[in-house]
Amino acid sequence: MIETQGLGKIYGRGLHALRDLNLTIEKGEFVFLTGPSGAGKSTLLRLLLLQERPSEGDVIVGGRNLARLTRNQVQAYRRTVGFVFQDFKLIPAKSVFENVSFALRVLGMPVEQQRRRTYQVLKWVGLQHRLNSLPEELSGGEQQRVAIARALVNEPHLVLADEPTGNLDPDLSLEIMNLFRDINASGTTVVVATHDRELIKWVGRRVVQLEHGQLAGLPEAAK
Amino acid sequence: MNVVGYAFEEAWASVRRAGRSAAVSIGTIAIAFLTLGGFMLVSVNVQRVLDRWLESAEVSVYLYDDLSDELRAELETYVRQQPAVAAVEYVSKDKALERFRADFPELLDVTSSVAQNPFPAAFEVRLRPDATGTAAVDDLTTGLAGRDGVADVRYDRRWLTRLAGLVTTAQVAAGVVAAVLMLGAAFTVAAVVRLSLHARREELDIMQLVGAPFSYIRGPFMVEGLLLGGVGAAVAVAGIALLFTGISRWLGSDLAGLMGTGQVHFLGLREVAIMLFGGLGVGAAAGTVASRSAR
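Line by line, the protein sequences give chains X and B. Residue 756 is where the first sequence starts when you use the numbering used here, and the numbers rise one by one after that. Residue 980 is where the second sequence starts when you use the numbering used here, and the numbers rise one by one after that.
This is chain X alone, in the form it adopts within the complex (with noise of 0.2 Å):
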């Protein structure tokens, strides 16, 4: 599903955020990213995602080379990724019916459809009852279902999550993990990027250690 082939990501001044990754997610799979902050975590989703493009090497996914897709391209690449952030990313100023089917109107999906789709999917995050809520009126689990839903409601291939769990208390973030596993069970592959190690545990999946831009623990000849 994912391959990285010398993978490099140089910011300004010659920062490496990742350098010489090579890494192999298969289809399926639910995989967490983890390490300290700035080991690289983020920017191999931002590259995922084709928020940013590689400096080096290749980022491979489904077969398509990421970095020679073309701008059109990369919108249509996007819209098999959900994606869940930290910060959530939802619209202030949009309801919770709107901010999830947004992700369906911008398609030009049916209007009927539309709503079945959305309904359908806040319906499986549990917020059936909070359609008409605006985000502002939703505790922080409440917001992250919201977003995972939006996520999920094009039936991406992959998940990618960036600190999903990082603005929630320790039962939302179970919670909110358990959704993960969920999504993970109907067959879509899930990278969730997190540092909370108990979280990990509980969980039990792969686990991908990143650190200085590296994978972590393998011998210097290996990575």
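Quick caveat, the hints were computed from the structure, so don't treat them as lab data. Please note: incorrect hints may appear among the correct ones.
Label pairs and their computed distance ranges (CB to CB) [unchecked claim]:
(1) X:Ala831 <-> B:Glu988: 51 to 59 Å
(2) X:Gln806 <-> B:Glu988: 22 to 30 Å
(3) B:Val982 <-> X:Asn887: 23 to 31 Å
Residues from chain X that face chain B, not an exhaustive set, calculated with beta carbons under 7 Å [stated by the list, open to error]:
(4) Gln830
(5) Arg834
(6) Lys844
(7) Leu893
(8) Gly895
Computed from a predicted model, the values in this text were never measured in an experiment. We put the CB at the ideal spot given by N, CA and C, even for glycine.
With the hints as your guide, set chain B onto chain X.
Same frame as chain X, now just chain B:
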């Protein structure tokens, strides 16, 4: 909902949100197009007067007083045979004096005080409508100027053509002024569209992340410019119509008499279309330029 419906819905919501800045934008577009429309209104009426004058332009062939009747008849035959000529009228010295007295009764003393009739006899040559300004007329005037008995040949159209040239220059200058104003208006529209783009920056980022096509991301801003420009131009057309109605009521008959056209004319369908489509075009162009920062 398709992309066009989405773009119009979002653009309309954005214009309503923008409120005062949208009103300023519409106002600047309206002022620019009011200026353009004013120029066009004057231009349309001046052009009508010029066209009428040009159509009725005559060649006057002044004759020497000592011209014999035979030579005069020969000259008249020559003129009538020319392809550019529609009609010829002989105006004798006495008839010319009579006309002058009838046209300028206040100058009767002047004509009475001179011993002899100072007006020359002349042929007034009316040209065929399709011949005015052509080489055939030039041939006619050149040919007549060199003939015996002809004192002078005057062709009205020459100075009318010069006048038309001046009017064209004025029209071009007015067009340049209007273009500069429109450019300013376009910058205002672009600034307003950019403001609404910044107000929705977060929403745009999310649209990009969910993979919205660029037509959905940029379309609303292009349509917002289109709406601002179109409404501005429509306001300008309405303003011109109001001004025209007012001026026609107060000064219409005086102006019409001055121009000799019977009545002052409003903008034609073509000019109104130029203004409206111009407004839409300027607005859409400004919106398109502004929307390019949504990437």
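Notebook entry, point to check: Does glutamine 830 (chain X) pass the interface hint, meaning its C-beta sits closer than 7 Å to a C-beta of chain B?
Noted result: holds, 5 Å
* Asked: Given glycine 895 (chain X) was flagged as interface, is its beta-carbon under 7 Å from a beta-carbon of chain B?
  -> violated, 18 Å
Range hint compliance [Cβ, valine 982 (chain B) to asparagine 887 (chain X), 23 to 31 Å] | 26 Å Cβ-Cβ, so the 23 to 31 Å window holds.
- Item | alanine 831 (chain X) versus glutamate 988 (chain B) beta-carbon gap, inside 51 to 59 Å or not | At roughly 24 Å between Cβ atoms, glutamate 988 (chain B) and alanine 831 (chain X) fall outside 51 to 59 Å, so the hint is violated.
Closest C-beta approach of lysine 844 (chain X) to chain B relative to 7 Å, hint status: This hint holds: lysine 844 (chain X) lies near chain B, its Cβ roughly 6 Å from the closest one there, short of 7 Å.
Exercise for the section: Tell me if leucine 893 (chain X) is really an interface residue toward chain B, meaning its C-beta lies closer than 7 Å to one of theirs. Expected result: At 17 Å from the nearest chain B Cβ, leucine 893 (chain X) fails the 7 Å test, so the hint is violated.
| query | Does 22 to 30 Å hold as the CB distance between glutamine 806 (chain X) and glutamate 988 (chain B), or does it fail? | reply | holds, 28 Å
Next item in the hint list is arginine 834 (chain X). Is there a CB on chain B closer than 7 Å to its CB?
holds, 4 Å
Hint check: violations occur at hints 1, 7, 8; the rest are consistent with the structure.
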